[in-house]
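Those protein sequence lines, which keep their order, are chains A and B.
According to the working numbering, numbering within the first sequence proceeds without interruption in unit steps and concludes at 282.
According to the working numbering, numbering within the second sequence proceeds without interruption in unit steps and concludes at 312.
Calculated from the structure, these hints are not laboratory results.
Here the structure is a predicted model, which means the values were calculated and not measured.
Any given hint could be a false lead.
Restricting the straight-line Cα-Cα distance to at most 25 Å, the calculated cross-link-like pairs of lysine to any residue (SDA-like) are [what the hints assert, rightly or not]:
1) A:Lys181 / B:Val29
2) A:Lys181 / B:Ser82
3) B:Lys139 / A:Leu184
4) B:Lys163 / A:Arg188
5) A:Lys197 / B:Asn118
6) B:Lys76 / B:Lys213
Here are some chain A residues the structure puts well away from chain B; computed CB gaps all over 12 Å [what the hints assert, rightly or not]:
7) Leu20
8) Pro82
9) Asp84
10) Gly88
11) Trp96
12) Met106
13) Leu112
14) Leu121
15) Ile130
16) Leu133
17) Ser137
18) Phe174
19) Leu266
20) Ala272
Here a beta-carbon is modelled for each residue, glycine too, at the ideal position from N, C-alpha and C.
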Amino acid sequence: MDKTLKLRAGLLSCLLLLVLVGIWHAATQVTASGGDEALDPEYAMLMGLSAESERSSGFPTPGEFASSALGHLASPFYDNGPNDKGIGIQLAHSLWRVAAGFLLAMAVAIPLGFVIGMSPLLYQTLNPFIQVLKPISPLAWMPIALYTIKDSTISAIFVIFICSIWPMLVNTAFGVAGVRKDWLDVARTLEVNPLRKAFRVILPAAAPTIITGMRISMGIAWLVIVAAEMLVGGTGIGYFVWNEWNNLSLNNVIFAVLMIGLIGMLLDLMFAQLQRKVTYVE
Amino acid sequence: MSNDVKDSEVAFVKVEGLAKQYRSDLPPVFENVSFSIHKGEFICIIGHSGCGKSTILNALAGLEQASRGGIVMDGKEVDGPSLDRGVVFQGHALLPWLSVEENIAFAVRSRHPGWSRNQVAEHGARFLKMVGLAGAEKKKPAELSGGMKQRVGIARAFAVEPKMLLMDEPFGALDALTRGVIQDELLRICADTRQTVFMITHDVDEAILLADKILLMSNGPRAHIAEIVINTLPRERQRETMHHDPQFYRLRNHLVDFLVHRSKKLQETRDLKAAYGEPRVVRPGLDSLKVVASRDDEPPTNTPRRAAAGPA
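Extracted from the complex, chain A is given alone in its bound form (with noise of 0.2 Å):
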């Protein structure tokens, strides 16, 4: 039964994008085929057109879309000077940039969220500065720190770092200060020394939500980045959407939409599978 359904609706998934397709095919269809006068051609050649070329929609069709896909696909690392980088180059730069940056945020909000799960003392005091930093915007930070760091790259890390600090260390905290009395009256009377009993209890009982303050975190980050390497430059996939743009390339432009989107999904089955793996049932 379960089997079937799966089936079915990749089917259904499969029909979908058919139909997608074939309505982004149909609407890039050149539908005045001779409405205006044919362009001067050496006029086209000034604008780099070639006088044959009859469409009026600036949009790619699916089929241009796809040879340029595949163009990009077929050499993602080439590098060409600054503008001209293969796919896989900027993704790779935006990755490191978000791993640097979470990395990053998970050795600070952790063991802080820790510590404040632990002590109430500590949440309360804390609780003000976490409810007011939370909710701004990652790239609010980014003048402040393009003027204290001085350095776009590092900056950019810094806004990465920002965004994805606050649902780890709410999820941390609040998973470490759920850990059953039960298991922690185990450990008393065990006699189990702090460290053991946070690394051999209380960090398996909070780790299902602490993952899932992770895969938060993460999802935040790569919404974030792109924005972010539009405003700071140089390199990865935001920069590389901001500079297709500029270039008019739409087909760049969807192709980089569409890479953003499926790493963006595997970053998120990666911690699906690690929360898979820690979680636990009661």
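Got chain A sorted already, so can you dock chain B onto it with the hints?
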């Protein structure tokens, strides 16, 4: 016999004047709770909900602080949890992310940090076998039935080899059949290991089967230990045969009567002097005349022949 006399001189655990008050504007839940436990003794405490049984157990474990009074075990004051006092929790409290053997190993490693992996595993396996769970080592607690989970809890508590075992209604959530099986196992294990046990129960039959002494608590608030009932049934009693002993029904009637009528009356017509004095020690099993006189619903199993054979 001489051993018993020596034991009674120096109690292993001494509880004195214990009281717990959660709020200063309310009367204490219980007060003036004093009793002692000897080595190798099995003590059950019976009382209605809210009389503070669990709090007394937690105080013995060192998990909770009493408001007044103190507990001394083996010459040392109890001021925190210790490996010497193992606890079997009401809700088994197994760590759900660990398998059965890992749960036990976690406890064993706490007791013996220096042991090798093999030593820990061997020691744990011995106690798993003791509770009849050999073969379920790799399972997670969620894959076990309620009775099996409670057995793992018992094995875990026994595996640290505490000087005293504290059990908070360990079989409360189990069906009658499973409960019987585990009670038998517990009885056998305690006989083998001469384990000192303090146990909370609501089940009168369970108390008679397991306990050497049964502490009866009056109702809270201001609960206290009203009576200490000595179980005069021979120690090698068995679930299947013990109700043939005439002492059994005398004991049972006494306990039920206490729970149904007297625990409440004691609270209502509290005589302060009685409450602050030593609790009465009674042996209703031997006291056949009084029981027969006061109760006319004596069961028919109590034939004279058996009565004569009983206390011997």
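Structure-based check of all given hints:
Restraint check for Lys181 (chain A) and Val29 (chain B): satisfied, since their Cα atoms lie roughly 22 Å apart, inside the 25 Å limit. Restraint check for Lys181 (chain A) and Ser82 (chain B): the C-alpha separation of about 17 Å stays at or below 25 Å, so the hint holds. Restraint check for Lys139 (chain B) and Leu184 (chain A): the C-alpha separation of about 22 Å stays at or below 25 Å, so the hint holds. For the given pair, Lys163 (chain B) sits about 16 Å from Arg188 (chain A) by alpha-carbon distance, which is consistent with the 25 Å threshold.
At roughly 22 Å between alpha-carbon atoms, Lys197 (chain A) and Asn118 (chain B) fall within 25 Å of each other, so this suggested pair holds. For the given pair, Lys76 (chain B) sits about 23 Å from Lys213 (chain B) by alpha-carbon distance, which is consistent with the 25 Å threshold. For Leu20 (chain A), the non-interface assignment is confirmed: its Cβ lies about 43 Å from the closest Cβ of chain B, beyond the 12 Å cut-off. Residue placement check: Pro82 (chain A) keeps its beta carbon more than 12 Å from all beta carbons of chain B (closest about 50 Å).
Here Asp84 (chain A) stays apart from chain B, with its beta-carbon at least about 50 Å from theirs, past the 12 Å limit. The Cβ of Gly88 (chain A) sits about 39 Å from the closest Cβ of chain B, beyond the 12 Å cut-off, so the non-interface label holds. With a cut of 12 Å on Cβ distances, Trp96 (chain A) stays outside the contact zone with chain B, its closest approach being about 33 Å. Non-interface status of Met106 (chain A) relative to chain B is upheld: no Cβ of that chain comes within 12 Å, the nearest being about 21 Å off.
Distance check on Leu112 (chain A): its Cβ is at least 23 Å (rounded) from any Cβ of chain B, clearing the 12 Å threshold; non-interface status holds. The claim that Leu121 (chain A) lies off the interface holds: its Cβ sits roughly 20 Å from the closest Cβ of chain B, which is beyond the 12 Å cut-off. Residue-level check passed: Ile130 (chain A) sits 28 Å from the nearest beta carbon of chain B, beyond 12 Å. Listed as outside the interface, Leu133 (chain A) is consistent with that label: its C-beta sits roughly 32 Å from the nearest C-beta of chain B, beyond the 12 Å cut-off.
Listed as a non-interface residue, Ser137 (chain A) keeps its Cβ farther than 12 Å from every Cβ of chain B; the least gap is roughly 37 Å. No beta-carbon of chain B is positioned within 12 Å of the beta-carbon of Phe174 (chain A); the least distance is around 18 Å. Distance check on Leu266 (chain A): its Cβ is at least 27 Å (rounded) from any Cβ of chain B, clearing the 12 Å threshold; non-interface status holds. The claim that Ala272 (chain A) is not at the interface with chain B holds, since no C-beta of that chain comes within 12 Å of its own (minimum 18 Å).
Checked against the numbered hints above, the structure breaks none of them.
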